[in-house]
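S.K.: The residues making up each chain are set out below.
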Amino acid sequence: MALDKPYQDVPGTTIFDAEQSRLGYHLNQFCMSLMKAESRARFKANERAYLDEWPMSEEQKLAVLARDLNWCIRLGGNIYFLAKIGATDGKSFQQMAGSMTGMSEEEYRDMMIAGGRSIEGNRVVGEDGDAQPHRQPQGKSQQKAGA
Amino acid sequence: MARITASVYTSHVPAIGAALDLGKSGEPYWQKVFSGYEFSKQWLRDNTPDVIFLVYNDHANAFSLEMIPTFAIGCAAEFAIADEGWGPRPVPVVKGHPELAAHIAQSVIQDDFDLTIVNRMPVDHGLTVPLSLMCGQPAAWPCPVIPFAVNVVQYPVPSGRRCFNLGRAIRKAVESFDQPLKVQIWGTGGMSHQLQGPRAGLINREFDNAFLDRLIADPAGLAQMPHIDYVREAGSEGIELVMWLIARGAMGDENGPGKPRVAHRFYHVPASNTAVGHLILENT
Chain P
1 MALDKPYQDV PGTTIFDAEQ SRLGYHLNQF CMSLMKAESR ARFKANERAY
51 LDEWPMSEEQ KLAVLARDLN WCIRLGGNIY FLAKIGATDG KSFQQMAGSM
101 TGMSEEEYRD MMIAGGRSIE GNRVVGEDGD AQPHRQPQGK SQQKAGA
Chain L
1 MARITASVYT SHVPAIGAAL DLGKSGEPYW QKVFSGYEFS KQWLRDNTPD
51 VIFLVYNDHA NAFSLEMIPT FAIGCAAEFA IADEGWGPRP VPVVKGHPEL
101 AAHIAQSVIQ DDFDLTIVNR MPVDHGLTVP LSLMCGQPAA WPCPVIPFAV
151 NVVQYPVPSG RRCFNLGRAI RKAVESFDQP LKVQIWGTGG MSHQLQGPRA
201 GLINREFDNA FLDRLIADPA GLAQMPHIDY VREAGSEGIE LVMWLIARGA
251 MGDENGPGKP RVAHRFYHVP ASNTAVGHLI LENT
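First to last, the sequence lines map onto chains P and L. No gaps in the numbering here: position 48 of the first sequence is 48 in my numbering, and each next residue is one more. No gaps in the numbering here: position 91 of the second sequence is 91 in my numbering, and each next residue is one more.
Quick caveat, the hints were computed from the structure, so don't treat them as lab data. Only a predicted model underlies this, so the values are computations on that prediction, with no experimental measurement involved. Keep in mind that the hints are not guaranteed to be accurate.
Result set (BS3-like, lysine-lysine): computed pairs, CA atoms no more than 27 Å apart in a straight line [unchecked claim]: (1) L:K259 <-> L:K41; (2) P:K91 <-> P:K44; (3) P:K36 <-> L:K95; (4) P:K61 <-> P:K91; (5) L:K24 <-> P:K91; (6) L:K172 <-> L:K95; (7) L:K32 <-> P:K91; (8) P:K36 <-> P:K61; (9) P:K36 <-> P:K91.
Residues on chain P that point at chain L, a partial pick, calculated with CB under 10 Å [to be verified]: (10) D9; (11) T13; (12) T14; (13) F16; (14) G24; (15) K36; (16) I79; (17) Y80; (18) A83; (19) T88; (20) M111; (21) G115; (22) S118; (23) I119; (24) N122; (25) V124.
For each residue, glycine too, the CB sits at the ideal point set by N, CA and C.
Excised from the complex, chain P in its bound form:
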């Protein structure tokens, strides 16, 4: 019998469960290695060579090089591990979280100051909230680029 995973219909959300953790093991362990200053320096000096020291999939390496956190998460990354890449790049947690929405840093910050993203329309896939698949990416610049 299949396991019950009631969280799969939450829009714009990937739950880091045992299956995702299995997929992302080496990706997340690579991220952990960046907690050492010496590793951060080696990674920055030659990212591709550093990534090649890890038994990650080619797609995981490309997702890291692209700094595409949504892509990393689809491949088993977890945000607390991926945050080590952001720290290496000198990014705050808010910049990292915002980067996954398509909004500019300013747009995301303003949304938070105005009370954050509304839950309305964002509980279940199929509603019409701003986190729903048919409304991505968010942010003015993205909409212009896509128009």
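Given the coordinates of chain P, assemble chain L onto it according to the supplied hints.
M.R.: Showing chain L alone in chain P's frame:
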């Protein structure tokens, strides 16, 4: 005999620590957060316990994917401050209470909760930000701290019901310790927030305030809430709130003290990506 005198609940947003450490706490954005803790700092000075039992979660700092303990109790004499990638926070080292920690581990494991005993564990913002919020920037923390780390990063995390019952077992353990210690239990993390994906930035004031109401008045009922309600309503990282139920379970209302007194309540949006909630409950 040791006893639990009060419980403290607070979010543990890393940006709050950064704001303090970088001297930004006077900025209007951060003043709105810190103002909610002015009362609490004075309260802690007036009600300094002998030990703080601090429930928090590690954020991929002490624990990588090599080992993922569901409940880990810090039994060491001292805990280093973790370097989370931005350098360690410039805060005092955390002194433990090995004697009480070992006693609690023995009692709670015999009550069927499988704790992992940890003797080397750097502590991250999950533990140090609550201390900073409640103590400011002292040269040393006011008392020993027993770190109690809960896995809320990899699903499935422990249920609210299990956390609440664990709190009850911790109370029983504390009460059987043969020294007259005053112990506070702190539950940290939350409130609503999501740090990942297109739904990042989610905040749900209605959920958060209902959670605070029920935590005070109906904790056993609140403990029945399934994981999916936290995820859907409070965001994927809002699940941290199950840790508050450990502290609440340790207040032991049904076994004598009755309903605790609400000494302080505060709620503010936002701190970075997160809704900040804070409560102080005293055993009467």
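S.K.: Tell me, in ascending order, the numbers of any earlier hints that this structure violates.
M.R.: When the structure is compared with the hints, none of them turns out to be violated.
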